[in-house]
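A.B. asks: Residue-level listing of the chains:
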Amino acid sequence: MAENPIEPIHQFQVRDIVPFGDVGGVHFGFTNSGLLMVATVIVISAIMLVPTAQRRLVPTRLQLVAEQFYSFVVDMIEASTGHEAMRFFPLIFSLFSFLLISNWLGLLPYSFTVASQVIVTSLLAALVFLTVLIYGLLRNGLGFFKLFVPSGIPWYVIWLVVPIEFISFLSRPVSHSMRLWGNMLAGHIVLAVFGGMIVGLSTIGFLGWLTAVLPLGMAVALLSLELLVGALQAFVFAVLACVYLHDAFHPAH
Amino acid sequence: MRDPHDTKRPEKPGDDSPDTSDLAARIARARAAQPERKLPVDVKVPGLNGASRGYRLASEFVAAIVVGGALGYGIDFVAHTRPWAMIVLLLLGFAAGVRNIVRASAEMNKPAAPSEAAASDDETKH
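From first to last, the protein sequence lines stand for chains A and B. Per my numbering, the first sequence starts with residue 1, numbered consecutively. Per my numbering, the second sequence starts with residue 254, numbered consecutively.
In short, the hints are calculated from the structure, not lab data. Just so you know, even glycine gets a beta-carbon here, dropped at the ideal spot from N, CA and C. Check each hint, because a few of them may be wrong.
[Stated by the list, open to error] Some chain B residues well away from chain A (every beta-carbon gap over 10 Å; in silico):
| # | residue |
| --- | --- |
| 1 | Ala-278 |
| 2 | Ala-283 |
| 3 | Arg-284 |
| 4 | Ala-286 |
| 5 | Val-319 |
| 6 | Val-320 |
| 7 | Ala-332 |
| 8 | Thr-334 |
| 9 | Arg-335 |
| 10 | Pro-336 |
| 11 | Ala-349 |
| 12 | Asn-362 |
[Unchecked claim] Example chain A residues on the side facing chain B (calculated, C-beta under 7 Å, incomplete):
| # | residue |
| --- | --- |
| 13 | Val-162 |
| 14 | Pro-163 |
| 15 | Ile-164 |
| 16 | Ile-167 |
| 17 | Ser-168 |
| 18 | Ser-171 |
| 19 | Val-174 |
| 20 | Ser-175 |
| 21 | Met-178 |
| 22 | Arg-179 |
Hey, can you work out the whole structure from these sequences and the hints?
C.D. replies: So this is what it looks like as structure tokens:
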């Protein structure tokens with residue numbers, strides 16, 4: 001990776017802000033990624049806690065935003081998992097709000113997109129996966145493994161269907177994390193490519209400055225698209241977490 | 254007292270202040286006065302819908318194959334049976350990928366069926 005700021009990959013570098021040093025050969029430090037995570041949590045807390053502190057019956061605008069945010073996630077869980085899954089509301093709400101705000105904060109200049117690192121998205125997906133697995137086993141006992149045995153299958157194809165369902169189950173966290181990561185990574189690379197094009201064209205001279213309007217227009221359009229993609233991917237991630245949680249409640253399908 | 258911003262939450266459900274006691278009736282009246290309209294919150298984004306569906310299906314399919322292949326490679330590595338487990342599990346992963354796609358597309362079509370039947374009819378006719 002070159003130390004060239006125009007490089008489209010440069011924006012994904014995780015850099016130390018406060019290095020803590022190495023412990024057992026593993027490097028620790030407060031990074032730009034960590035800073036954006038902390039900023040995300042602060043922004044979410046500010047949106048959710050400050051306007052609702054007064055608990056007005058007739059809400060102010062910001063309190064209405066917080067209330068809509070809340071009821072949006074409630075509706076999402078009710079629609080895709082059912083009312084009994086409301087005990088997982090904190091998890092789903094945290095996932096959705098964290099991804100939404102971090103994706104949007106990542107669009108600010110000199111910022112960092114937390115979800116563009118595959119380790120972040122895969123750990124979030126692993127969190128959902130393990131929640132489904134552990135809660136499903138606790139709730140249903142060994143009946144949870146009915147998940148791998150679809151009903152109405154004749155005995156002579158069961159031995160083939162069960163491994164397929166097993167691999168299908170294991171593939172969930174992979175696709176779950178890859179989709180979010182891929183979308184954020186690809187979107188930001190495309191943005192940086194068009195941004196780099198502006199810089200490159202501007203070195204040519206006056207004619208270059210004139211033609212640089214074209215990639216600038218693309219960058220503006222893509223930035224608004226990225227706002228949409230960031231929200232959509234946060235929503236999709238949370239909805240899929242709900243869909244997977246559905247299996248923990250109703251393993252037989 | 255008649256200031257609408259003064260309508261804080263009553264301490265107990267019983268002791269409604271005069272401001273809020275007829276609130277339900279007032280809301281009903283205001284609703285009736287407004288013309289019928291659709292909810293502004295629409296989760297589906299028409300333009301990006303096709304692309305996001307495509308990404309979803311593609312990632313579901315690829316993920317199953319990757320997991321199948323990785324699982325097979327791991328079994329081969331432990332049991333020294335290279336390459337047989339990988340071949341078998343890669344094929345099973347392929348089947349699981351198709352299963353994932355069938356399930357995902359069924360999921361996608363299910364919620365759209367009642368309310369947006371007309372819209373999806375238009376899509377299929379093209």
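A.B. asks: Quick check on A/Arg-179 please, does its C-beta sit within 7 Å of some C-beta on chain B?
C.D. replies: holds, 5 Å
A.B. asks: Minimum Cβ separation between B/Arg-284 and chain A greater than 10 Å?
C.D. replies: B/Arg-284 clear of chain A: closest Cβ-Cβ about 16 Å, beyond 10 Å.
A.B. asks: Do the numbers back the hint for A/Ile-167, that is, is its least Cβ distance to chain B under 7 Å?
C.D. replies: This interface hint holds because 4 Å falls under the 7 Å limit.
A.B. asks: For B/Val-319, is the shortest CB-to-CB distance to chain A above 10 Å, so the non-interface label stands?
C.D. replies: Nearest chain A Cβ is 6 Å from B/Val-319, so the label is violated.
A.B. asks: So is B/Arg-335 really clear of chain A, every C-beta pair being over 10 Å apart?
C.D. replies: holds, 19 Å
A.B. asks: Taking the shortest Cβ-to-Cβ distance between B/Ala-349 and chain A, state whether it exceeds 10 Å.
C.D. replies: violated, 4 Å
A.B. asks: Regarding the assertion that B/Ala-283 does not contact chain A, is the least Cβ-Cβ distance greater than 10 Å?
C.D. replies: holds, 13 Å
A.B. asks: Going by Cβ atoms, does B/Thr-334 stay more than 10 Å from chain A at every point?
C.D. replies: holds, 16 Å
A.B. asks: Could you check if A/Val-162 really has its C-beta closer than 7 Å to a C-beta on chain B?
C.D. replies: violated, 10 Å
A.B. asks: Minimum C-beta separation from B/Ala-286 to chain A exceeding 10 Å: can you confirm that?
C.D. replies: holds, 18 Å
A.B. asks: A cut-off of 10 Å on Cβ-Cβ distance, and B/Pro-336 was said to be off the interface with chain A. Does that hold?
C.D. replies: holds, 18 Å
A.B. asks: Would the hint on A/Ser-168 be counted as holding, given a Cβ-Cβ threshold of 7 Å to chain B?
C.D. replies: Where the cut-off is 7 Å and the nearest Cβ of chain B is about 4 Å from A/Ser-168, the hint holds.
Violated hints, in rising order: 5, 6, 11 and 13; the structure is consistent with all others.
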